[in-house]
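*Asks:* The residues making up each chain are set out below.
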Amino acid sequence: MTSKRLSITLAKYAFLAPYMLLFLAFVIAPLVYGFVLSFLQWESMSPLPPKFIGIGNYITAFLHDEYFWRAMKATFIFTILSLPITIVVAMALALGLVSVKKRAGLYRAAVYFPTLVNVAVVGIIWRWFYSTEFGLFNYFLESPLAGFFGLEPLAWLTSVNTAMPSVVLMNLWWHVGAPAIILMAGLFQIPTQYYEAATIDGAGAWHRFWKITIPQLKPVLLFVIIMNIIRSFQVFGQTYILTPTGGPELTTRVIVQYIYETAFESYRMGYASAMSWILFAIIAIVSIIQFRAMRSS
Amino acid sequence: MRFEKIKQLPVGRIVFIGFYLIICGSYVFSIKGDVIGDEDVVQLRFWNGFTGRDGDTMTAMVKRFNAENEDIHITVQRMQWPTYYNKLFVAGQAQREPDIFISHAKTLPRFVRADFLRPIDDLISGQNGIDIDDIDENVWDAVEVNRKHVGLPIDVHPLGLYYNTDLFEEAGIVDDEGKAKPPTNLAEFVEALEKLKRDKDGDGRVDQWGFMFTLYPMHVIHSWMHQFGGGDYFDEDLTECFIDNPQNIKAMELVVDLVHEKKLIPTPMPRDTAGWDGFKQGKVAMFLGGIFMLNDLKAVEMHDPENQIKYAAAFTPTVGSEPAMWADSHVACISSTIDEGKVNAAWRFLKYISDNSLEWADGGQVPVRKSILATEEFKNMPIQYAFAQQLPYVKYYPKLPYSLEFERSFRNHTSSASIKAITPKEALVKIQKEMNEVIERDKEIYGRAKLN
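Keeping their order, the protein sequence lines are chains H and U. Okay, so the first sequence: first residue is 6 according to my numbering, each after it adds one. Okay, so the second sequence: first residue is 13 according to my numbering, each after it adds one.
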């Protein structure tokens with residue numbers, strides 16, 4: 006190897022080194038440590054040493070802990086409710102952003118802006134919106150106009166039926182900007198000739214959307230869907246700020262919140278690690294299936 | 013020629029490096045002066061979660077202690093309570109905890125189990141001790157774990173009633189002299205709720221409430237459970253939870269009745285501060301809260317005196333058969349890993365805070381030393397004094413090494429019942445079931461249910 010090639014090789018690794026070191030220290034090392042912990046019974050707020058219990062923590066989660074399953078159910082419900090609505094609204098916004106010509110930057114910034122706000126701030130604002138007696142939404146729902154349409158005030162966060170949809174609605178407002186901008190970028194990549202040709206052939210807007218936009222946007226769409234599913238499985242801040250007690254009847258206590266409570270309120274580090282690894286495995290499996298689907302398409 | 017060479021020197025870089033070295037050097041020396049210091053001076057690290065006005069009071073007390081005790085230097089670190097406990101716990105795990113720290117009484121059993129605390133019985137009864145009879149019995153009992161007192165309580169914060177005197181007088185809830193009369197029993201409480209719930213502008217919406225829950229209704233529910241004669245949730249040996257009993261159901265049914273049947277109290281939204289905010293704005297007439305809320309009222313008084321409401325404090329109304337109210341305490345603790353040579357210095361500091369707890373009271377707290385509670389100065393602090401009258405009846409949460417798990421279970425299910433997502437009976441069954449599971453798990457791990 007010539008000295009020039011050697012120095013180029015070294016330079017490549019030198020550029021990568023800072024990130025890789027941090028990645029090893031703050032991602033890989035805790036991941037491995039957590040995996041080891043998941044086989045231990047470790048009540049960290051105790052002088053007792055950690056005890057190896059094999060797959061005991063995994064068995065507890067799958068067979069003996071009803072709250073684990075309830076938290077998983079809440080997480081799945083959040084994902085199932087939030088994914089389609091986020092994709093549909095993001096797509097609608099993206100189509101709008103693509104067609105707007107005047108002050109396009111302003112509209113893009115407006116759509117993206119909520120995602121820049123911290124989840125704690127968003128949560129506190131929306132808690133006020135949802136307040137049963139003093140909230141903004143119920144203020145409108147109590148008005149004569151709303152009454153004319155048969156609308157009534159809702160117990161947004163305090164009813165079993167409305168708590169999770171309320172979290173989803175807040176999440177939509179907060180988060181939809183990011184997928185909308187990605188989809189918009191994807192829409193810009195579609196050659197306009199396709200639309201021109203289709204229009205000449207007499208295709209209407211509906212046909213153009215289903216026959217050109219969707220197929221051409223498929224890779225971007227799949228990427229957005231995968232990222233949203235991963236994000237939905239990891240939901241925590243939104244539910245925790247809006248419904249700190251896990252909502253009525255724990256309907257909004259998602260798995261990450263349950264893991265957090267197990268680790269930092271019950272100090273059961275081994276069990277919390279096992280649940281984290283189960284969540285990690287679920288996300289990994291779902292992602293692999295989707296990436297496969299993406300590749301085959 | 014030589015001058016030419018000097019001219020070529022990178023003057024800018026030299027100046028920059030020079031400044032850099034000076035700044036670094038002065039920082040290193042400042043650390044040395046502050047932390048390492050004189051070898052004859054005992055250095056102690058003290059952590060607490062007092063970040064409001066109480067934090068300023070505590071810091072001022074520490075400064076004065078440092079000035080008055082040249083052989084001891086206390087370095088304070090203060091942070092928000094939620095962050096504080098996690099940091100303290102992690103520091104303890106790494107055996108880097110501070111020499112002295114503040115804990116709430118309810119957290120002590122957890123720290124005992126983790127072996128974080130040095131008992132103070134030998135120190136309090138030693139030469140430079142404190143007369144134990146001078147400490148309120150209820151509070152002194154709250155810091156006893158496994159027959160050892162594991163910290164020195166510096167205050168007690170019971171639930172008490174704040175009420176807006178103007179709104180009371182406006183609603184005609186007055187005594188013979190025409191002064192606002194706070195409710196003392198259930199009938200008076202309900203009557204006050206009825207009179208104080210008002211639609212002032214006639215738009216069909218309630219814009220003034222008699223009472224609202226703030227944050228979580230759990231402290232009020234805990235108080236009411238004790239008032240109805242329930243309240244003792246576990247047996248003495250912690251082998252069983254029996255929170256599901258008729259008295260506790262009755263207490264919870266009262267919450268549901270007042271909120272959902274009589275509609276005299278708005279539905280409590282967990283962690284909602286609307287009740288407290290409403291009280292400060294004059295839209296909520298009564299508030300059941302801790303003495304620590306006083307600082308918030310004083311802050312309004314300081315920054316916005318024109319909009320300051322007129323308020324007073326009173327005994328928590330007895331809605332059941334006997335007076336009882338939730339309480340907790342800030343407890344000054346000494347780390348179990350402290351150098352033996354530093355123990356006396358640490359104790360001197362703890363005693364100093366206790367001896368000077370009148371100043372602490374002025375910072376918005378209720379002291380626990382009877383001699384201080386009896387002083388004229390303390391009696392002239394009307395809110396603190398009103399809260400202090402409740403000391404014989406205070407009820408702490410049970411002493412549990414799994415206090416956070418109990419609190420979470422209690423908070424979540426009582427919140428669910430108060431919004432009518434489940435019935436009071438269901439809530440108590442759930443808490444009981446969860447806690448009995450925790451007890452069983454604890455037995456499996458430790459071989460016994462009691463501490464240690």
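Honestly, the hints are just simulated from the structure, not real lab data. Some hints could be false.
Using 20 Å as the maximum straight-line C-alpha spacing, the simulated EDC-like pairs for lysine to aspartate or glutamate come out as follows [to be verified]:
id : chain 1 : residue 1 : chain 2 : residue 2
1  : U       : K363      : U       : D134
2  : U       : K160      : U       : E265
3  : U       : K432      : H       : E138
4  : U       : K432      : H       : D70
5  : U       : K275      : H       : E138
6  : H       : K56       : U       : D367
7  : U       : K212      : U       : E182
8  : U       : K275      : H       : E147
9  : U       : K209      : U       : E252
10 : U       : K275      : U       : E265
11 : U       : K212      : H       : E147
12 : U       : K209      : H       : E138
13 : U       : K437      : U       : E318
14 : U       : K445      : H       : E71
15 : U       : K262      : U       : E438
16 : U       : K274      : U       : D367
17 : U       : K275      : H       : D70
18 : U       : K99       : H       : D70
19 : U       : K445      : U       : D269
20 : U       : K209      : H       : E71
21 : U       : K391      : U       : E371
22 : H       : K56       : U       : E452
23 : U       : K455      : H       : D70
24 : U       : K274      : H       : E71
25 : U       : K75       : U       : D269
26 : H       : K56       : U       : D269
27 : U       : K455      : H       : E270
28 : U       : K193      : U       : E206
29 : U       : K207      : H       : E138
30 : U       : K212      : H       : E138
31 : U       : K445      : H       : E138
32 : U       : K445      : H       : D70
33 : U       : K455      : U       : E252
Only part of the chain U face toward chain H is listed, based on derived beta-carbon distances under 8 Å [stated by the list, open to error]:
id : residue
34 : T177
35 : M281
36 : P317
All residues carry an ideal CB built from backbone N, CA and C; glycine is no exception.
*Asks:* Compare the structure with each hint and give your call.
*Replies:* Results of checking the hints against the structure:
1. Of the supplied pair hints, the one linking U:K363 and U:D134 holds, its CA atoms being roughly 13 Å apart against a limit of 20 Å.
2. Restraint check for U:K160 and U:E265: the C-alpha separation of about 38 Å exceeds 20 Å, so the hint is violated.
3. Using a Cα cut-off of 20 Å, the hinted pair U:K432 and H:E138 holds, with the two alpha carbons roughly 16 Å apart.
4. Taken as a hint, the U:K432 and H:D70 pair is broken in the structure, with Cα atoms around 25 Å apart against an allowance of 20 Å.
5. Proposed proximity of U:K275 and H:E138 is supported: the alpha carbons are some 11 Å apart, at most 20 Å.
6. The hinted pair formed by H:K56 and U:D367 fails the criterion: a straight-line CA distance of about 46 Å is larger than 20 Å.
7. A hinted pair counts as satisfied when its Cα atoms are at most 20 Å apart, and U:K212 with U:E182 qualifies at roughly 12 Å.
8. For the hint pairing U:K275 with H:E147, the CA-to-CA distance comes to about 17 Å; that is within 20 Å, so the pair holds.
9. As the CA atoms of U:K209 and U:E252 are separated by approximately 42 Å, the hinted pair breaks the 20 Å bound.
10. Annotation: proposed proximity of U:K275 to U:E265 holds, straight-line Cα distance about 13 Å (limit 20 Å).
11. Restraint check for U:K212 and H:E147: the C-alpha separation of about 17 Å stays at or below 20 Å, so the hint holds.
12. Distance restraint check for U:K209 and H:E138: the Cα-Cα separation of roughly 13 Å lies within the 20 Å cut-off, and the hinted pair is therefore satisfied.
13. Between U:K437 and U:E318, the direct Cα distance comes to roughly 47 Å. Violation of the 20 Å bound is thereby established for this hinted pair.
14. Under the criterion of a C-alpha separation no larger than 20 Å, the hint pairing U:K445 with H:E71 is consistent with the structure, at around 12 Å.
15. For the proposed pair U:K262 and U:E438, the alpha carbon gap of about 13 Å is at most 20 Å, so the pair holds.
16. As the CA atoms of U:K274 and U:D367 are separated by approximately 48 Å, the hinted pair breaks the 20 Å bound.
17. Restraint check for U:K275 and H:D70: the C-alpha separation of about 37 Å exceeds 20 Å, so the hint is violated.
18. About 29 Å separates the Cα atoms of U:K99 and H:D70, which puts this hinted pair outside 20 Å; it is violated.
19. Restraint check for U:K445 and U:D269: not satisfied, since their Cα atoms lie roughly 25 Å apart, outside the 20 Å limit.
20. In summary, the hint linking U:K209 to H:E71 is not supported, as the alpha carbons are separated by about 42 Å, beyond the 20 Å threshold.
21. Between the alpha carbons of U:K391 and U:E371 the distance comes to roughly 13 Å, so the proposed pair stays at or under 20 Å and holds.
22. For the given pair, H:K56 sits about 18 Å from U:E452 by alpha-carbon distance, which is consistent with the 20 Å threshold.
23. With a CA separation close to 18 Å, the supplied pair U:K455 and H:D70 stays within the 20 Å bound.
24. Annotation: proposed proximity of U:K274 to H:E71 is violated, straight-line Cα distance about 35 Å (limit 20 Å).
25. Taking the CA atoms of U:K75 and U:D269, the gap is near 51 Å; set against the 20 Å cutoff, the hint is violated.
26. With a C-alpha separation of about 48 Å, the suggested pair H:K56 and U:D269 falls outside the 20 Å cut-off, and the hint is violated.
27. Distance restraint check for U:K455 and H:E270: the Cα-Cα separation of roughly 19 Å lies within the 20 Å cut-off, and the hinted pair is therefore satisfied.
28. Note on U:K193 and U:E206: the hinted pairing holds, with a Cα-Cα distance of about 15 Å set against a maximum of 20 Å.
29. At roughly 18 Å between alpha-carbon atoms, U:K207 and H:E138 fall within 20 Å of each other, so this suggested pair holds.
30. In summary, the hint linking U:K212 to H:E138 is supported, as the alpha carbons are separated by about 15 Å, within the 20 Å threshold.
31. With a C-alpha separation of about 33 Å, the suggested pairing of U:K445 with H:E138 is violated against the 20 Å cut-off.
32. Restraint check for U:K445 and H:D70: satisfied, since their Cα atoms lie roughly 13 Å apart, inside the 20 Å limit.
33. In summary, the hint linking U:K455 to U:E252 is supported, as the alpha carbons are separated by about 11 Å, within the 20 Å threshold.
34. Hint status for U:T177 relative to chain H: violated, with the closest Cβ pair at about 24 Å, above 8 Å.
35. Using the Cβ-Cβ criterion of 8 Å, the hint placing U:M281 at the interface with chain H is satisfied: the shortest such distance is roughly 6 Å.
36. Because the closest C-beta pair between U:P317 and chain H is about 26 Å apart, greater than 8 Å, the hint is violated.
Of the numbered hints given earlier, the model fails hints 2, 4, 6, 9, 13, 16, 17, 18, 19, 20, 24, 25, 26, 31, 34 and 36; all others are met.
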